[in-house]
Amino acid sequence: MSNRLAFLRRIAASGAVAAALLAPAAALLADAGPAVAQEKPQTGGTLNVIVQPEPPILVLGLNQQGPTQTVAGKIYEGLLRYDHALKPMPSLAESWEVSEDGLTYTFKLRDNVTWHDGKPFTAKDVVFTTTKFLPETHPRARANFSHVESVTAPDDHTVVFKLKQPFPAFIKAFEVSSAPMMPAHVYEGTDYKQNEKNATPIGTGPFKFDQWVKGSHIRLVKNENYYLEGKPYLDAISFRVIPDAASRALALETGEVDISQFNDVEPFDVPRLKALPHLDLTTKGYEFVAPLSWIEINHREAPLDNPKFRQALTYALDREFIRDKIWFGLGRVASGPVNSVTTGFEADKKTYEYDPEKAKALLDEIGLKPNGDGVRAEISFTPMPYGETWARLGEYIKQSWSKIGVKVNLESTDVAGWVQKVSNWDYDATNNFVYQYGDPSLGVARTYISDNIRKGVMFSNTMGYSNAKVDDLFAKAAVENDPAQRQQQLSEVQKILVEDMPVIWLLEMEFPTFVNKRVHNAVTTAIGTSENFADVWVDKKN
Amino acid sequence: MAAIASFLGRRLFKAVFILFAIVVINFLLVRAAPGDPATVMAGEAGAADEQFVQQLREQFGLDRPLHEQLGIYLADVATGDLGYSYRQQRPVWDLIAERLPATLILTGAAFVLALAAGIGLGTLAAQNVGRWSDSAITVLALVSYATPIFWVGLMLILLFSVQLGWLPAFGYETIGAGYTGWERVTDIAAHMVLPVLTLGLFYMAVYARLTRASILEVRDMDFVKTARAKGLGETRIVLKHVLRNAILPVITFAGIQAGHLVGGSILIETVFAWPGIGRLAFDAVLQRDYQVLLGIFFVTSVLVIVFNILTDLVYSLVDPRIEVA
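First to last, the protein sequences are chains A and B.
Be aware that the first sequence starts at 133, since it is given in my numbering, and climbs by one per residue.
Be aware that the second sequence starts at 14, since it is given in my numbering, and climbs by one per residue.
Please note that a few of the clues may not be correct.
Stated by the list, open to error - Negatives, chain A to chain B, calculated, CB over 12 Å:
{"no.": "1", "residue": "Val230"}
{"no.": "2", "residue": "Thr263"}
{"no.": "3", "residue": "Lys264"}
{"no.": "4", "residue": "Gly347"}
{"no.": "5", "residue": "Ile374"}
{"no.": "6", "residue": "Pro615"}
{"no.": "7", "residue": "Ala616"}
Said to hold, decoys possible - Some chain A residues close to chain B (C-beta under 7 Å, calculated; not the full set):
{"no.": "8", "residue": "Gln197"}
{"no.": "9", "residue": "Asp376"}
{"no.": "10", "residue": "Ser379"}
{"no.": "11", "residue": "Met590"}
Rather than coming from a laboratory, the hints here were simulated on the basis of the structure.
From the three backbone atoms N, C-alpha and C, an ideal C-beta is built for every residue, glycine too.
Chain A extracted, bound-state conformation (with noise of 0.2 Å):
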């Protein structure tokens, strides 16, 4: 508390705006999007959005990097968005349709779309994206659309996909950046790839590019033609490429940018900045990525192959204390391998508290007892390279596994050698978190299926993790048409799961979105700010 009065006394010494000391306490935790919902939009100005890292091409389909979706969810639209609870609503596809057995998706698309070019947006631009582009440069679409047996277009507004059986998670699948449609009159018959039009991205969206300064910023306009009447409200959007994120913060703090998103803002600064009277905190916008960090374990090594020996290091972790004094009080301590957010969450299943005795009796019963020195076994532990929060992680999981007498050996690295080192198996126990997608059968399974084990390959099944219950489990939860059959198979393999403790989870992230208060509309959706912004609007007045 005495922080927190100190601080304000800083605000009113230097004389910035007295409201922030009427409701301290109300802008902690404010939501950007409800409350100004009902305000008449006005129409201009220009929004600056912090990007980092620098995408390295904007075409979406080509590339779904985090900063990509930012700059190109602009650019590129999909046939469906989701509501915060992911219930699909209308995109590029104004309705649509799923036949009984689950075997028959059909959409129905908007008839007065057209490309940034000026050509008009048709369903042969669905068929030709499904089928040709994505399937052959995006994972993600290529494992969702493997479902699929045939996409035809019986008229030039309706599409109809026909799966080689049910595939309930299929419905997620059209969110921008896991199916962004590409215009087929660019690409059609070229080496994707190489194609000259990648520098200057066509679209659908409500922002055309205008300009990219490499290393500076990228520049996006207003669609004039945009189909929406009156939208979007925007003229321009500034992609602010700020690489320090000391600077981020301060950028935030004079009013530079409007907008940060996921690590942009370091953890520790985010009680200094939420304090701020012209800056709104929120952590919505993340439930379809729904990212679930955990502790990764290499079971090729010993005692680590043991599952008594990971719920002994899953007791020896306090992770509340990680989520309230590393994560600084953002995120949910994880219960296990899906996010709550995420459909088929079980919520009844084995628990961890945090228990050190509990860990050094599960070690006695493996028979790993103390040396002279205390030690009863030695791994080492490699920080994932994404940021000085994942270092401190690192150094409160040596401490506290030391306790227990399992001692670490912190190895750090970059990205590139992190990869390396984990996508073939070179590791003991390292870090990782991992987007959910909206449902266990795109963003979980992978994790946990041994048909997923794939030397070289990152975000797979990484530690060599094989239960051939669970791999059955999945299987058929991924083609089950029952929704409560569905479910039942999604929490008995959670249960299983827990139990075998293939990783120790540790938090649901939650990410902090800053936004300006003269920003409106900026996070309205589960993807937050990836969204095509074209209902976001600013007040001229301040």
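Chain A is fixed; fit chain B onto it per the hints.
Quick look at chain B alone, frame taken from chain A:
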């Protein structure tokens, strides 16, 4: 004149061999780091399969044997082609050329500021040795030299951008303002103030210390006494006699720094979001964008060699006793 021509000829001849060695050694060094561009992109994408990684490796030419890749690269460089960044989908030369102006304007301005202020302050300190102005300059120089450069940058931003709101904190110019002509020059100049000051302070400290020490050594020499005995004015003595003789170590150091100008400053460019070449190089290291990294190494090596030759020429101008050889 003939001496200078033959000097240049010999130096350039040697330079070709040095460059060849630099290119080969750099090529092998960057490959020694674990991982490759394909692993980085797979790591950043958050999802991957074999086909994805395989396609990337083929596209980048990484599926060929290393010696073959080196041969191709050397042949390209010999014809003036620095290669292609598949990650950024641009020729390397374009990427470097795009970043070079921002870097040169930043480092060039800082260089001039550092030299002028450093020599000026150093001279002033030496003239007033032992007095309070000497101590003040010495303290300023030591503090500027010892303080981490990114911290100085952040503090300047806090003071001049956040608290006072006088100067822009980041970037090269105001985005989307569409300034032209004089307005644009003023806008860029305003953006330059903080980074140039931050970078300049550090080098200024070095020049001030060097100048001061060197002048103190020279000013009691016989020829200075002679000049004084002739009845020359103090300003003339300092400028024409003392400084001209004391400046050689400063030129040596300036020559080294000039070679680095093109390399930019990773820290300054990162803190001030300045779109220069230092960050391009740093990102290229993390992304294992080999061709970009090698291209930057190559360009900076060429410039270091050029500036070394120029420094030797400047010596002979400042001090006629030194002959180019």
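Quick rundown of the hints versus the structure:
The claim that A:Val230 is not at the interface with chain B holds, since no C-beta of that chain comes within 12 Å of its own (minimum 25 Å). Every C-beta of chain B lies more than 12 Å from that of A:Thr263, the closest at about 16 Å, which supports listing it as non-interface. With a closest Cβ-Cβ approach of about 15 Å to chain B, A:Lys264 is found to remain outside the 12 Å limit, as its non-interface label requires. Listed as a non-interface residue, A:Gly347 fails to keep its Cβ farther than 12 Å from every Cβ of chain B; the least gap is roughly 3 Å.
Remark: the non-interface label on A:Ile374 conflicts with the geometry, its nearest Cβ contact in chain B lying 4 Å away (cut-off 12 Å). At roughly 26 Å from the closest C-beta of chain B, the C-beta of A:Pro615 stays outside 12 Å, upholding its exclusion from the interface. Separation of A:Ala616 from chain B is adequate, the least Cβ-Cβ distance of about 30 Å exceeding the 12 Å criterion. For A:Gln197, the suggested interface contact is upheld, since its CB lies about 5 Å from the closest CB of chain B, less than 7 Å.
Interface restraint check: A:Asp376 against chain B, minimum CB-CB distance 5 Å, threshold 7 Å, status holds. The closest approach between the C-beta of A:Ser379 and any C-beta of chain B is roughly 6 Å, which is under the 7 Å cut-off, so the hint is satisfied. Checking A:Met590 against chain B: minimum C-beta separation of about 5 Å stays under 7 Å; hint holds.
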